[in-house]
Amino acid sequence: MATPAAVHTDHAHAPAGGKYFVPEPSAWPFVLTFALVICIIAGWGYLEEHSLGPVPAYGGAALAIYIIFRWVRGVCLESEGGLYNTQVGMTYRMGMAWFIFSEVMFFAAFFGALWYAREMSIPWLSGEGAKLSTHTNLWPGFENTWPTNGPAQLGGKFETVGAWGLPFINTVLLLTSGFTLEAAHHALKENHRKVCIAWMWVTVALGCLFLYFQVTEYVHAFHELNLTMHSGVYGSTFFMLTGFHGFHVTLGTLMLAIIAVRLMLGHFKPDSHFGFEGVAWYWHFVDVVWIGLFIFVYVA
Amino acid sequence: MAHTDHTTHLHDDHAHHGPEKGIMRWIKTTNHKDLGTLYLVFAFTMFFIGGLMSLVIRAELFHPGLQFVHPEFFNSMTTLHALVMIFGGVMPAFTGLANWMVPMQIGCSDLALPRINNWGFWILPFAFALLLSTLFMPSGGPAGGWTMYPPLVLQMGEGFPFLIFAVHLMGISSITGAINVAVTILNMRAPGMTLLKMPLFCWTWLITAYLLIATMPVLAGAVTMLLTDRYFGTSFFTASGGGDPVLFQHVFWFFGHPEVYILILPAFGVVSTIIPTFARKTLFGYDSMVYATASIAFLSFIVWAHHMFTVGMPLAGELFFMFSTMLIAVPTGVKVFNWVATMWRGSMTFETPMLFAVAFVFLFTIGGFSGLMLAMAPVDFQYHDTYFVVAHFHYVLVPGAVFSILAGVYYWIPKWTGRMYSEFWGKTHFWLSAVFINITFFPQHFLGLAGMQRRVPDYAVQFTDFNEISTIGAFGFFVSQFIFIFNMLRCMSKSGVPATDRVWEGAHGLEWTVPSPAPYHTFEVPPYVGDDETSNLHDTAKAH
Ligand SMILES: [Cu+2]
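Protein chains in written order, with our numbering: chain A, 1 to 300; chain B, 1 to 544.
Just so you know, these hints were derived from the structure itself, not from any lab. One thing to keep in mind: the hints can contain errors.
Where chain B lies over chain A, by a calculated footprint (3+ residues, C-beta under 8 Å) [claimed, not checked]: (1) 83-97; (2) 114-126; (3) 232-240.
Between beta-carbon pairs, the in silico distance windows are [claimed, not checked]: (4) Leu152/B <-> Asn226/A: 30 to 40 Å; (5) Ala329/B <-> Val72/A: 47 to 57 Å; (6) Leu319/B <-> Leu138/A: 50 to 60 Å; (7) Val340/B <-> Gly45/A: 53 to 63 Å; (8) Pro138/B <-> Trp115/A: 34 to 44 Å; (9) His70/B <-> Gly45/A: 20 to 30 Å; (10) Thr147/B <-> Pro140/A: 29 to 39 Å; (11) Val340/B <-> Leu175/A: 53 to 63 Å; (12) Leu138/A <-> Thr310/B: 17 to 27 Å.
We put the CB at the ideal spot given by N, CA and C, even for glycine.
Same shape as in the complex, but just chain A (with noise of 0.2 Å):
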């Protein structure tokens, strides 16, 4: 056992707010690997329709959601117990920008999938460039249009979501959404807690009506304007894109919702509130792919 003497000494060296926190041993990254491997058998089952009944899959993913919640219920209890240090702040953000530039290449894969479409593969398709013996062989009478369900036509005959209808008035909310959060984060850092607490709920309803908005358009494309994932290389790239953004809104929009009920209890200090600012991030993140999406898939 180390003299006080020594420690002190010792802890010249360390950064400000003590020892680095080491969590102990825990079970709840295994566990959650174990529920996501039952999610995927589940899955499986679906896909290749081998009945193996509902308990895999609610199983599955009960197991999941309650692993992810202790394990974030932890981290915050963690935080609000004063075990975090100014370090430990910094490896949360720095880890929440590393993810989120994944999650943009991520994005980035499906963004490039539209361009190569648009400017490769149906291009060649009606016959530019060195691509000719498809255009005459296969489908002399193609042309280079877009939006297009390709040569064979799949899916039949489609009309497009117009951008300045319902994905207009998503862009406007989603905006609007990044300007009430930003409030919602001048107001705790000024200490106004209630006021902060009221622009958590405006951003999270915003986050609501938006994807109700979005699920209203895609029963609006499914059922009057035969717009389906079978509508060709548009139905693929637009519901994939708008797919993937929609249950990252979803996911922002739970997040959120769970910082304001944590505010509610009194966590988070006006100088110090990572938990917060790293869900502001995902927003703001979640909102830039929007306006990507707005340009090149509803306008352009």
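Given the coordinates of chain A, assemble chain B with the ligand onto it according to the supplied hints.
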């Protein structure tokens, strides 16, 4: 002040106990050393499984005609051999080395996110269980090649979702591991450990982490498109719907080429650490090593279509990707030059890690040169999908990446276990490996140049002689690796000669200032970074 003191006291703190007992220690551990060990044990298990698959391939190719297995099974062997070796062997082995060494080299208590670290590891056994389970399904495992090109891969049997989800899981594991290493290096360095004083293994891993975080999500996107194309009616890769199978190749190789550097940059770091130790000289051109690594990482994003020269790209594309690929030879040449210059007039000794490191420099460079040949688009039209390509990437991956992993384990295992391995058996292992690996892969250059196709279980009779030689080499190499396993088990069972703290007289770096074996929690309080410990990297530090 004795640096070792930091680590031995301070355990009055209630927050840290030793490890738990039994299997739960390994399931619940958040300790970077435990997880490093798990990663390495897992990686070598996968090397064994992937090695068995390669033996099936080589046995089948011993003679022309069909010998032992069905062509379909042969194809799933080539496919799974690659997936297992890349995602199950080399990548986890480097993550294991990073787990062990990064905190000890930069002077911090653990990786930045220990629970995420545990998650990243435990995903892997599950992912590979899913992937390998497809072999036991009636419709068989994936057999369209590890590159998973559509439309062929979409014809896989009912195991297809397991292939896709296993790749997703491996991606999650890689990204969490990479975020952990990147954040640890950027945020947890001991005071005085500035970025340009960092050991090169940390530098190369930092840049590898960047590549992983940038490209694994792209692979996830690509396989997600495969999944929706097969089950949800999308037509990303279907020409009749306006898509293009070639699109998959672009997205895949946008991931795939940086992946090549993910597999080799940490190897550069290991070799750059070992050579100065046994040459007893400062690393030649530390800064240029860092900049060369960064340049390689940048260039790796703009060369991907050199895997697709024969797919029918526009001429401008062929030219761009040909020249950008050749550019990578410049920073790579800088590195090889620096390694040779470090050894130049050094007081060299050839302990096992050094033997593997020197062999790396020599044999990796052979792989680099054959890569340069493949980079020439007009020439690649002849080489594409032949055994020349197989010889090329096995030269950079086996005597390249794998030799560096072996070198790293020999170099650091005395620090990990507190025991020296047997130098005699280490050297025996090295010479058998070095000889057999060349017997295996050198003849494949000739086979490829003469036109033998890869991924085919049969071949024309004139290729028989070289194939027989290659198969003998493969079996010899596989058997030789058991020497390594027993040598390491001997250290782990504490029956070797006890190792000193410094282990190698020429070694510098924070990891050598702590006892051997390194205590369970190493630097709970950041250590003092003396000039002595960076003198492998900077001449100026030697002035004391
Ligand atoms: Cu490449």
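The hints, checked one at a time:
Beta-carbon proximity to chain B at under 8 Å applies to 5 residues in the stretch 83-97 of chain A; the threshold of 3 is reached and the given coverage holds. Note: the stretch 114-126 of chain A has 7 residues with beta-carbon separation from chain B under 8 Å; the three-residue rule is met and the coverage holds. Coverage of a stretch by a chain is defined here by at least three residues with a beta carbon nearer than 8 Å to that chain's beta carbons; for the stretch 232-240 of chain A and chain B the count is 8, and the condition holds. Leu152/B and Asn226/A have their C-beta atoms about 31 Å apart, which keeps the hinted 30 to 40 Å range intact.
Hint check: Ala329/B to Val72/A, Cβ distance near 48 Å, so the stated range 47 to 57 Å holds. The hinted range of 50 to 60 Å is not satisfied by Leu319/B and Leu138/A, whose Cβ atoms lie roughly 29 Å apart. Hint check: Val340/B to Gly45/A, Cβ distance near 57 Å, so the stated range 53 to 63 Å holds. In this structure the hint that Pro138/B and Trp115/A lie 34 to 44 Å apart at CB holds, the actual value being about 40 Å.
Between His70/B and Gly45/A the beta carbons are some 28 Å apart, a value that agrees with the proposed interval 20 to 30 Å. Distance hint check: the CB atoms of Thr147/B and Pro140/A are about 32 Å apart, consistent with the given range 29 to 39 Å. Distance hint check: the CB atoms of Val340/B and Leu175/A are about 57 Å apart, consistent with the given range 53 to 63 Å. At about 21 Å, the beta-carbon gap between Leu138/A and Thr310/B stays in the expected band of 17 to 27 Å.
Comparing the model with each numbered hint stated earlier shows that hint 6 is the single one that does not hold.
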